[in-house]
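Novice: From first to last, the protein sequence lines are chains A and B. Position one of the first sequence corresponds to residue 10 (this note's numbering), numbered consecutively onward. Position one of the second sequence corresponds to residue 2 (this note's numbering), numbered consecutively onward.
It cannot be assumed that every hint is accurate.
Claimed, not checked - Residues from chain A that face chain B, not an exhaustive set, calculated with beta carbons under 8 Å: (1) GLU213; (2) ARG215; (3) VAL230; (4) ILE231; (5) LEU232; (6) SER235.
Said to hold, decoys possible - Within a straight-line C-alpha distance of at most 25 Å, the following computed DSS-like cross-link-like pairs (lysine-lysine) qualify: (7) LYS580/B - LYS36/B; (8) LYS580/B - LYS196/A; (9) LYS121/A - LYS449/B; (10) LYS715/B - LYS86/A; (11) LYS199/A - LYS134/A; (12) LYS715/B - LYS238/A; (13) LYS715/B - LYS95/A.
To be verified - Computed, partial: chain B to chain A, Cβ under 10 Å: (14) GLN384; (15) VAL527; (16) ALA722.
If you're looking for bench data, these hints aren't it; they were derived computationally from the structure. All values reported here derive from a predicted model rather than from experimental measurement. All residues carry an ideal CB built from backbone N, CA and C; glycine is no exception.
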Amino acid sequence: MDEEPERAKRWEGGYERTWEVLKEDESGSLKATVEEILYQSKRKRVIESHGQVRLGMMRHLFVVIDCSRSMEDQDLKPNRLTSTLKLMEAFIDGYFDQNPISQVGIITTKNKRAEKLTDLAGNPKKHIAMLKKAVDTVCVGEPSLYNSLKLAIQTLKHMPGHTSREILIILSSLTTCDPANIYEMTKTLKSLNVRVSIIGLSAEVRVCTVLTRETGGSYHVILDESHFKELLMLHVKPPPTSSSSECSLIRMGFPQHTIGSLADQDAKPAFSMSHLDSSSGPSLGGYFCPQCHSNYTELPVECKVCGLTLVSAPHLARSFHHLFPLDAFIESPVEEHQRNGFCQACQGELKDKSIFTCPSCRSVFCVECDLFIHDSLHCCPSCIHSQTAS
Amino acid sequence: MKLNIEGLLVYFPYDYIYPEQYSYMLELKRTLDAKGHGVLEMPSGTGKTISLLSLIVAYQRVSSAFPLDVTKLIYCSRTVPEIEKVVEELRKLMEFYAKETGERNNFLALALSSRKNLCIHPEVSSLRFGKEVDGKCHSLTASYIRAQRHVNPNQPVCRFYEEFDAVGRQVPLPAGIYNLDDLKDFGRRKGWCPYYLARYAILHANIVVYSYHYLLDPKIADLVSKELAKKSVVVFDEAHNIDNVCIDSMSVNITRRTLDRCQNNVDTLQNTIQKIKETDAAKLREEYRRLVEGLKEANVARETDIYLSNPVLPDEILKEAVPGTIRTAEHFVGFLRRFLEYLKSRLRVHHVVQESAPQFLKDIFDKVCIDRKPLRFCAERLQSLLRTLEIADIADFSAVTLISNFATLVSTYSQGFTIIIEPFEDRTPTIANPVLHFSCMDPSIAIKPVFQRFQSVIITSGTLSPLDIYPRILDFRPVTMASFTMTLNTFNVCLCLVALSSKFETREDFAVIRNYGNLLLEMSAVVPDGIVAFFTSYVYMENIVASWYEQGILENIQRNKLIFIETQDAAETSMALEKYQEACENGRGAILLSVARGKVSEGIDFVHHFGRAVIMFGVPYVYTQSRILKARLEYLRDQFQIRENDFLTFDAMRHAAQCVGRAIRGKTDYGLMIFADKRYARADKRGKLPRWIQEHINDGSLNLTVDETVQLSKHFLRQMAQPFRQEDQLGLSLLTLEQLESEEMLQKITQIAHQT
Chain A
10 MDEEPERAKR
20 WEGGYERTWE
30 VLKEDESGSL
40 KATVEEILYQ
50 SKRKRVIESH
60 GQVRLGMMRH
70 LFVVIDCSRS
80 MEDQDLKPNR
90 LTSTLKLMEA
100 FIDGYFDQNP
110 ISQVGIITTK
120 NKRAEKLTDL
130 AGNPKKHIAM
140 LKKAVDTVCV
150 GEPSLYNSLK
160 LAIQTLKHMP
170 GHTSREILII
180 LSSLTTCDPA
190 NIYEMTKTLK
200 SLNVRVSIIG
210 LSAEVRVCTV
220 LTRETGGSYH
230 VILDESHFKE
240 LLMLHVKPPP
250 TSSSSECSLI
260 RMGFPQHTIG
270 SLADQDAKPA
280 FSMSHLDSSS
290 GPSLGGYFCP
300 QCHSNYTELP
310 VECKVCGLTL
320 VSAPHLARSF
330 HHLFPLDAFI
340 ESPVEEHQRN
350 GFCQACQGEL
360 KDKSIFTCPS
370 CRSVFCVECD
380 LFIHDSLHCC
390 PSCIHSQTAS
Chain B
2 MKLNIEGLLV
12 YFPYDYIYPE
22 QYSYMLELKR
32 TLDAKGHGVL
42 EMPSGTGKTI
52 SLLSLIVAYQ
62 RVSSAFPLDV
72 TKLIYCSRTV
82 PEIEKVVEEL
92 RKLMEFYAKE
102 TGERNNFLAL
112 ALSSRKNLCI
122 HPEVSSLRFG
132 KEVDGKCHSL
142 TASYIRAQRH
152 VNPNQPVCRF
162 YEEFDAVGRQ
172 VPLPAGIYNL
182 DDLKDFGRRK
192 GWCPYYLARY
202 AILHANIVVY
212 SYHYLLDPKI
222 ADLVSKELAK
232 KSVVVFDEAH
242 NIDNVCIDSM
252 SVNITRRTLD
262 RCQNNVDTLQ
272 NTIQKIKETD
282 AAKLREEYRR
292 LVEGLKEANV
302 ARETDIYLSN
312 PVLPDEILKE
322 AVPGTIRTAE
332 HFVGFLRRFL
342 EYLKSRLRVH
352 HVVQESAPQF
362 LKDIFDKVCI
372 DRKPLRFCAE
382 RLQSLLRTLE
392 IADIADFSAV
402 TLISNFATLV
412 STYSQGFTII
422 IEPFEDRTPT
432 IANPVLHFSC
442 MDPSIAIKPV
452 FQRFQSVIIT
462 SGTLSPLDIY
472 PRILDFRPVT
482 MASFTMTLNT
492 FNVCLCLVAL
502 SSKFETREDF
512 AVIRNYGNLL
522 LEMSAVVPDG
532 IVAFFTSYVY
542 MENIVASWYE
552 QGILENIQRN
562 KLIFIETQDA
572 AETSMALEKY
582 QEACENGRGA
592 ILLSVARGKV
602 SEGIDFVHHF
612 GRAVIMFGVP
622 YVYTQSRILK
632 ARLEYLRDQF
642 QIRENDFLTF
652 DAMRHAAQCV
662 GRAIRGKTDY
672 GLMIFADKRY
682 ARADKRGKLP
692 RWIQEHINDG
702 SLNLTVDETV
712 QLSKHFLRQM
722 AQPFRQEDQL
732 GLSLLTLEQL
742 ESEEMLQKIT
752 QIAHQT
């Protein structure tokens, strides 16, 4: 059995009456209830199938990180800021893994001001590098919701209407210091179709509740570090778009990677457009925009010259599963299962008290494989197997 | 939904019901069946009002078939907003009735308030103070003013009143639900005076909603509620302070200023009498004749049981004629003068005097030869004189009315009252400011006529614990006494008892003050939005805040939240409250420092984010050095066998419970309640808290340090911030009709009511 994620230290939590949860079974053993508890914690994941809902596949997300005084609180280890930044790295990775044609930007707020850490961009490396650097920031003063939102919509409002505009705020402080009425800002956000979600690190704050309710976002408060991670990962999945957002055909370029060599006569050395500011010299190969032939070393990117979105086919394919999510497997007690007790995927024995059946191919899986299939694979292995076989 | 409560069909205008509401209705029904009085405690925010209204309306509908049961509901509340809230609930209920039964029922319900809230006369209603409005109104509507108009058409009168008087009484108010604004609208449309219309309409209305004072204050009750039907149900909502209301309505305070104004009044009377004598001596003779015949009319009326009896007008004097010494107007004025001089001489003291009513009477007889008998007729005689003299502005004569009431009371009741003359206030011993307190110590005197007259009287509130003390101090025999708890599926309340002390001896201690400051500072960093902190008195609060300022604690708190302070000035306080709410709304967060027994602790609710935590610094005992209180305690001990300490603790705990109860106003609401005093942990204090608070006290939340409190509240607030859905509540603390009717649930419900 793999290790449980480390929760908060016992002495940090409240007074729990763990003995009240435990019940002896007929033979007087506690084993059954302990297993039950472990099983429940494993199963504790959100099963919500979107069904036929339009999802915003091209996302523009600003993450606002509170860097105010309260981030120095040590209830997350080693402190709230470090822990948050570390989780953010994982989030950025996960985000680009699941939404390859989306962009992210990071804003920090402290001392009543908001600053842009990184601009909206589709390159995870840059963000992660900046996040790593940000660990050393000094946390002072109060955050300002108003200023951070204002900074975010300055960029977001220029984004095309078919893409989603989102802001995710990680708020540790219980107060906000605003130069103007925040409810006016809420109206602006609403009219611009910006969705604001908030993860609170300490407690429920009224203004956040209103802000998220008005803009259609979600508001959660963390219990401990593992819950924090869970909540962050909820935002990896693209949210359903409102019906008011326009749909349009998007021109996309699929540049091929060419590897130029000096021997080739046609090869023209070119500067990578996305690294113009950096000191790297011209290169021969790379991705060339099919429209204007500017050179890029990385995909996905929006062409700086002609504004064409450049992606590769696998990127689009990776976003595909959001549109057709895998149906939830049917849970049933293990006793009802007539046939041999082995999981279709891992071939292990079905020891837990429930099994999961794929609704289309009727194969059975154990809990862990069920989780893996839904979280990472996004398709049922035995369905795929039967498709290719036929 | 439609409920069946022991055979009674009750329409309930919501789809879901809390189990305790069902239980509450059950108890209420039993009380009404027994035609007795009841004391019911149910936490606020659990829909007390609607349960009460649905049951009693259902009861009325059934009993309209049998004309001997309940015909009228008199619902007494404290403030105008509360009255309006009740009427709105009632409207909802009636709409539900109309929808379900499909017929327009001829139900009349209305709210009644003072002239200030109901006047539509353009000039009069623009006045700011209630007294001014009353006085002005009276000068436009008094009967002889209107009589003068026949002679002199230029005499201004109120056209709304004229219109009402001409036609309003013949046409009854159409059936419906009338809020104060509805009454005003109706009055404007018809051109009738809404105030007099309402006062007239309450006689045949099915439901009347008004303030306590209309029933308990003898002066007002005599005017307004005298003729209300005997078969009424009277409900006192938020009644935890009812004994104090009763006492206040019967107590009289006389200062030098009162006497000076009284002197003026008497002079005016004298002049007027002189004038009338020259012009219209027949009038005075007519009055004399009436007085000889005695107060026969009143006596007849009381015997036939038409009127609510008035404690200021005792039974015995009705049977007698007004004594000869004060029968003529001049003699009576002379009599008043003598009485006034006597009071003046009594106020010229240099030490505190306390005496009983008989002592006072003996002294007054010795000094100025005033007998007991004429004193008893004083109030009645003055009323008669004022009527005869056709004095327009009654408000001007409030001083002399007060004195005459005092005279009647002091000579009527030999027990239950005490007279205390203080030459100066305790706080300012150098400034002479003599006050004569004629203080009522027995709340049952004022409320007795209500209990005697009406079939059922229900006393209900969120905090009535311990229940048995109310019947004792109000001197009545309830048929039901029950306390209900809130059924919750999660703990919405986190209760912490912090081991600090504000005992009188140690409360000036530097360390104690600093500890309190630390507690507030730490909490301000952990609790979102609003925190309300209660102190035991204004003086104590001022001291503490001053020393927090010196220690720099305030500055630190202000980094987390803004600070607002309640003061004794009403305008300032309401300003502070408004800003406090704004700060909570905007996410800045705020702390409100206020005082138990102040305005904030009584009438104002801090729902949801307006009060995420309530901190009670110290135990809110009354100022025990006050002589009035001491006299009252003594009286309670002698008459009702209630020990001083018991009463003091009871009083302190009900105020503490009121204060902390401000934060939880419903089932979706959550909040921290922190009692920052070691003494709360003692059994005698804990036992006197309402049951719904006691349930949340477990050993883990007793005697905590500041750090533990912070840790506990952090955890609690995070737990509470997790999404909460109605479905989770359903079936446990929220019931549909089917669930309610299940056998198992009915069983559970019977356990909710905690009979004492």
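Novice: Taking the hints in turn, state whether each one holds.
Specialist: Going through the hints against the structure:
Proximity of GLU213/A to chain B holds as hinted, the smallest CB-CB distance being about 4 Å (cut-off 8 Å). Restraint check, ARG215/A versus chain B: the minimum CB separation of about 4 Å is within 8 Å; hint holds. Because the smallest distance between the Cβ of VAL230/A and any Cβ of chain B comes to about 3 Å, under 8 Å, the interface hint for this residue holds. Evaluation of the ILE231/A hint against chain B yields a held restraint, the C-beta minimum of about 7 Å falling below 8 Å.
The criterion of a C-beta within 8 Å of any C-beta in chain B is met by LEU232/A, whose closest approach is roughly 5 Å, and the hint holds. Look at SER235/A: its Cβ only gets to about 13 Å from chain B, farther than 8 Å, so that hint breaks. For the proposed pair LYS580/B and LYS36/B, the alpha carbon gap of about 48 Å is over 25 Å, so the pair is violated. Of the pairs offered as hints, the one joining LYS580/B and LYS196/A holds, with about 22 Å between alpha carbons and a cut-off of 25 Å not exceeded.
Of the supplied pair hints, the one linking LYS121/A and LYS449/B is violated, its CA atoms being roughly 62 Å apart against a limit of 25 Å. Restraint check for LYS715/B and LYS86/A: the C-alpha separation of about 16 Å stays at or below 25 Å, so the hint holds. For the hint linking LYS199/A to LYS134/A, the alpha-carbon distance of about 32 Å lies beyond 25 Å, and the restraint is violated. As the CA atoms of LYS715/B and LYS238/A are separated by approximately 19 Å, the hinted pair is consistent with the 25 Å bound.
Taken as a hint, the LYS715/B and LYS95/A pair is honoured in the structure, with Cα atoms around 23 Å apart against an allowance of 25 Å. Interface restraint check: GLN384/B against chain A, minimum CB-CB distance 55 Å, threshold 10 Å, status violated. For VAL527/B, the interface hint holds, the least distance from its beta-carbon to any beta-carbon of chain A being 7 Å, beneath 10 Å. With a least beta-carbon distance of about 3 Å to chain A, the hint placing ALA722/B at the interface is held under the 10 Å criterion.
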